Amino acid sequence: MAEKNYIPKYEFRIFGQEFPVLEKLINEKAKLVGNQTMNDVYLLTAADNENNVKIRDGKMDMKVLEETLEGLERWAPYMIGDFPLEMEVVKSTVFPALGIPSPAFSRTEYLLNQFLNELVYNDPDLFVAHTSKSRNEFAFNECELEITDVTINSACIKTICIESEDYEKVLETKEILGISDSEENVNYPTALKRVMGLVEIPGMWQKIK
Amino acid sequence: MAKEELKIGEISKPRFEFRTFGRDFDEAAYLMSRLSTPVPRKVWERTSEEIYIVSKTNDINNTKIRDGKMDIKTFVQEVDGLEQWNPLMKAEFPISANVLKDEVYPAFKVEVPTFDKDTYTFEEFMEMVKSNPDLQAVKVEKQRFGYMVNNTICEVANVFINGASIVTVNSESTELDDIKKTITDLELEGVENINYLQAIKRIIGWIDKPLAN
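First to last, the sequence lines map onto chains A and B. If you read the first sequence in the numbering used here, its first letter stands for residue 1, the second for the next number, and so on. If you read the second sequence in the numbering used here, its first letter stands for residue 1, the second for the next number, and so on.
Incorrect hints may have been included.
25 Å max Cα-Cα, derived DSS-like pairs, lysine-lysine [as the list claims (entries may be wrong)]:
no., chain 1, residue 1, chain 2, residue 2
1, A, 158, B, 142
2, B, 130, B, 56
3, A, 59, B, 209
4, B, 130, B, 142
5, B, 142, B, 69
6, A, 158, B, 139
7, B, 117, B, 130
8, B, 109, B, 209
9, B, 69, B, 130
10, A, 29, A, 169
11, B, 180, B, 13
12, A, 59, A, 91
13, A, 133, B, 139
14, B, 64, B, 142
15, B, 209, A, 158
16, B, 142, B, 209
17, A, 54, A, 91
18, B, 209, B, 64
19, B, 139, B, 64
20, B, 209, A, 54
21, B, 209, A, 133
Simulated restraints, written as ranges between beta carbons of each label pair [unchecked claim]:
no., chain 1, residue 1, chain 2, residue 2, range
22, A, 39, B, 69, 34 to 42 Å
23, A, 33, B, 92, 53 to 61 Å
24, B, 87, A, 6, 52 to 60 Å
25, B, 210, A, 108, 27 to 35 Å
26, B, 118, A, 36, 57 to 65 Å
27, A, 23, B, 112, 45 to 53 Å
28, B, 210, A, 84, 20 to 28 Å
29, A, 142, B, 34, 49 to 57 Å
30, B, 92, A, 202, 22 to 30 Å
Quick caveat, the hints were computed from the structure, so don't treat them as lab data. All values reported here derive from a predicted model rather than from experimental measurement. No residue lacks a Cβ here, since even glycine has one placed at the ideal position from N, Cα and C.
Chain B on its own, in the form it takes in the complex:
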């Protein structure tokens, strides 16, 4: 079967991903910039502000809110150390109580609260998060620089977790071999694959483990 040609910013089959976090990936970022094929101007540099909702009882659903929309991805499988995540749901605030009850809270894997309204605004939802000791809202700002290496979508990004900075590099594709070649080409072999949930939990002290460097 012919390989799918990936295009940055466009929907594809669920992708596998290698991502890591640390303080310094200057060498990998340099190699990424030199090995990259030209990418659309719109992905050269992007900034965003997001709120991740992390749950003490969940490591398989990634919930974030960006531009007033909730976006949940779920972990599908790990193959050869690479992770595959699928979109689970997207919803815009105000969100109905039924969606919160049937989709959002089950994704957090915490007890579903009682809902006394039909819909919830972003502010009301954040109050609910604040009142649950197993949930935490984390402010995440990203400054992302996009590349394309070995037909995998790559980025190097400065990420600010509640105001403290870290760096992430990643390579994602539907093709495992293309990601593995990219890991080798970026001299990232042996570096731990760390997803966003794990990185955030380590920084906020929920997991007592350092990042990759």
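For reference, chain A alone in the conformation it holds in the complex:
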């Protein structure tokens, strides 16, 4: 069910309100290759940090953290499933990935609205982040870069990401763009959980500058 021929990339991502210097540099040095808008529904729990579970374009889209290397993360898709989803898949794949016990199931398969209304919204351990992303995509130094405006349940944040199959290229690009080694690599589930208060928030996370 995973995407065919997809080679997982190493990723470095940051979140913040504004990155004027970094954005200027990317716009000057990198080539704009596309832009996309997308609406995703993330399913989050306080329990799990190694799975990224979201619904995009009406499909269940799950990634797992496969490797961390030199402060970079490599996430691999392991399930992209169309609704209706079989109950067995929800039970054996989705809920274990969320790190919480499966609920009682009353159906053999679930349409998207049934999945959300009967299994997600009723579960006190499951939280939903409605996100809307407006993403500018760039190519630079054999890496893919993005600058994305994200709304999380209507609140706004920005993310910048560098990714490549070659981790050394990501590190090199970080250096060229002047991103310090102390800058925290924050993946989407972690950022969403911080905004939603599901995990401890580091002291300097997004303070007014």
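Use these hints to put chain B onto chain A, whose structure you have.
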């Protein structure tokens, strides 16, 4: 009876309030700035860091901690879609167990825990909040710009909820008609009145509903 003249930053009778939250209120903010009478320099721009304690079982008490002080307001009534909130209590940390037991936890509308000390520091209180699954501490930073329109206290503010930004505009006064005129003048008619508790709960995913825009 003569209308009370409101002064920003001064205590008055309990005020009614229209407030809303969203991503973009540029037009209302522009109108507010143009329609405003001069306001004291001290309210032109104010920043603050606060911690709101939200409770899954409570929508009528607004609890926040600012500068080491706990401040609880309680919902009094809604008239014509405008909300009136009254101060319920203020207390400085360390707070006595009796105050927590008799005033703070009842305001959260959750089970009152057992207290094994006479007083609690801010850090100890936050640990208690963390251990209760029905409570959540939310970091809120505000950058507020104050105005006075139609003798109502107004503000437009950038608000950061756990680091994500939203915008709020409000108008508050003891006089309902002055707020209604201000809503019209700011072209905010039909926009949902959303208080802080509601906005925070929507963003942290406790209420599955978007903000006003």
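> Looking back at the numbered hints, which does the structure fail to meet, lowest number first?
Replying inline: As far as the earlier hints go, not one is violated by this structure.
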